[in-house]
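Colleague: This is what each chain is made of:
There are 2 protein chains.
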Amino acid sequence: MDTQITTKFKINKSAKEVFEAIVDPVEIGNFWFSSSSERWEQGRMITLKYDEYGAEGIIHVLEVDPNKNIVFTWGAEHDEETVVTITLNELDKMSTTIEVCESGFKKEDPELVNKMVGQKGGWVYMLSCLKSYLENDVNNLRASMLN
Amino acid sequence: MDTQITTKFKINKSAKEVFEAIVDPVEIGNFWFSSSSERWEQGRMITLKYDEYGAEGIIHVLEVDPNKNIVFTWGAEHDEETVVTITLNELDKMSTTIEVCESGFKKEDPELVNKMVGQKGGWVYMLSCLKSYLENDVNNLRASMLN
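These protein sequence lines are chains A and B, in that order. Quick note on the working numbering: the first sequence kicks off at 141 and runs consecutively. Quick note on the working numbering: the second sequence kicks off at 141 and runs consecutively.
Pulled out of the complex, with its shape left as it was, chain A reads as follows (with noise of 0.2 Å):
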């Protein structure tokens, strides 16, 4: 069974206007988490935290290539650590794609299915919240999914 999940959207933006909005932490709060300790860039640990969940998360920023992509791990703190790598593609000045796989999720877990299940879920919604909010200034989207 292929344990990886890969999600990819269409964003009419520049690849640049894609990647700063993941990697400012004032533009995240606009579609994703409610804050980001620093800027990412290669190396760093930052702290993610999403106040209407009550959750926090450390990531780990393995690589970061500007307009172009960005890995990171995380999860290591539960002992589920599992690797995001994001890719950006410029079609043109107007359009990107953006594609999310994230990979590392163990095969002996149990929850395995509903972890898959889950993440799916949050990075679809994800990249709806970005493309809304980056195409359409749509900042409310985000955090109104409900467990």
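Heads up, a few of these hints could be off.
If several chains are the same, the list does not tell them apart, and a pair holds so long as it fits within one copy or across any two.
Once the Cα atoms are required to be at most 35 Å apart in a straight line, the calculated DSBU-like pairs of lysine-lysine come out as [to be verified]:
id: 1; residue 1: Lys208; residue 2: Lys156
id: 2; residue 1: Lys246; residue 2: Lys233
id: 3; residue 1: Lys246; residue 2: Lys148
id: 4; residue 1: Lys208; residue 2: Lys148
id: 5; residue 1: Lys189; residue 2: Lys246
id: 6; residue 1: Lys246; residue 2: Lys156
id: 7; residue 1: Lys233; residue 2: Lys156
id: 8; residue 1: Lys208; residue 2: Lys255
id: 9; residue 1: Lys255; residue 2: Lys189
id: 10; residue 1: Lys255; residue 2: Lys148
id: 11; residue 1: Lys150; residue 2: Lys189
id: 12; residue 1: Lys247; residue 2: Lys233
id: 13; residue 1: Lys150; residue 2: Lys255
Everything labelled a hint here was simulated from the structure, so no lab data went into it.
Given the structure of chain A, go ahead and fit chain B onto it with the hints provided.
Modeller: The following block gives chain B in isolation, referenced to the frame of chain A:
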């Protein structure tokens, strides 16, 4: 393994507005399918088209309780019928929870996990588009998830 997938969102609109967006063939084009052959009513077979993905499907509407719930089956033409139950719960005149539960995936299907992951992504996307449309009049969030 639980093969149901459930997705729940809070939308800041009345249950009637959320309900109408789904059952009305004009409304649906703003956030989900490109067309729906007729209004969703109990017992009807409805043809849904998704022009951007070159896709078409038939749903069989089993139950409709206005502003409360909608139950339908789909996928019968591909011998992979599942049951979708949409439940609305109006919290007050300006907020409603919408829960979508899809069940009936075949446990012996070698593609079971991929299908569940894919459907989860689809429902999160549909509900994100629905919320963005109803709350912010955004009708261009749909049809941008790529395979």
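Colleague: A separate judgement is required for each hint: does it hold in the structure or not?
Modeller: Going down the list of hints, with the structure as the test:
Taking the shortest Cα distances, lysine 208 and lysine 156 sit within 35 Å of each other inside one copy (9 Å), while across copies they are farther apart (44 Å). Taking identical chains as interchangeable, the C-alpha atoms of lysine 246 and lysine 233 are never at most 35 Å apart, the minima being 39 Å within one chain and 44 Å between chains. Taking identical chains as interchangeable, the C-alpha atoms of lysine 246 and lysine 148 lie at most 35 Å apart whether they share a chain (23 Å) or sit on different chains (26 Å). In this assembly of identical chains, the alpha carbons of lysine 208 and lysine 148 lie at most 35 Å apart whether taken from the same copy (14 Å) or from different copies (33 Å).
Taking the shortest Cα distances, lysine 189 and lysine 246 sit within 35 Å of each other inside one copy (25 Å), while across copies they are farther apart (38 Å). Proximity of lysine 246 and lysine 156 under a CA criterion of 35 Å is satisfied intra-copy only: 34 Å inside one chain copy versus 43 Å between copies. In this homomeric assembly, lysine 233 and lysine 156 come within 35 Å of each other (Cα to Cα) only inside a single copy, at 9 Å, whereas the closest approach across copies is 41 Å. In this assembly of identical chains, lysine 208 and lysine 255 lie within 35 Å of each other by CA distance both inside one copy and across copies; the values are 27 Å within and 30 Å between.
Both within a single protomer and between protomers do lysine 255 and lysine 189 lie at most 35 Å apart by alpha-carbon distance, with minima of 20 Å and 31 Å respectively. Both within a single protomer and between protomers do lysine 255 and lysine 148 lie at most 35 Å apart by alpha-carbon distance, with minima of 19 Å and 16 Å respectively. Both within a single protomer and between protomers do lysine 150 and lysine 189 lie at most 35 Å apart by alpha-carbon distance, with minima of 27 Å and 21 Å respectively. Proximity of lysine 247 to lysine 233 under the C-alpha cut-off of 35 Å is found in neither arrangement, the shortest distances being 40 Å within a copy and 45 Å between copies.
For a Cα distance limit of 35 Å, the shortest separation of lysine 150 from lysine 255 qualifies both inside one copy, at 25 Å, and across copies, at 22 Å.
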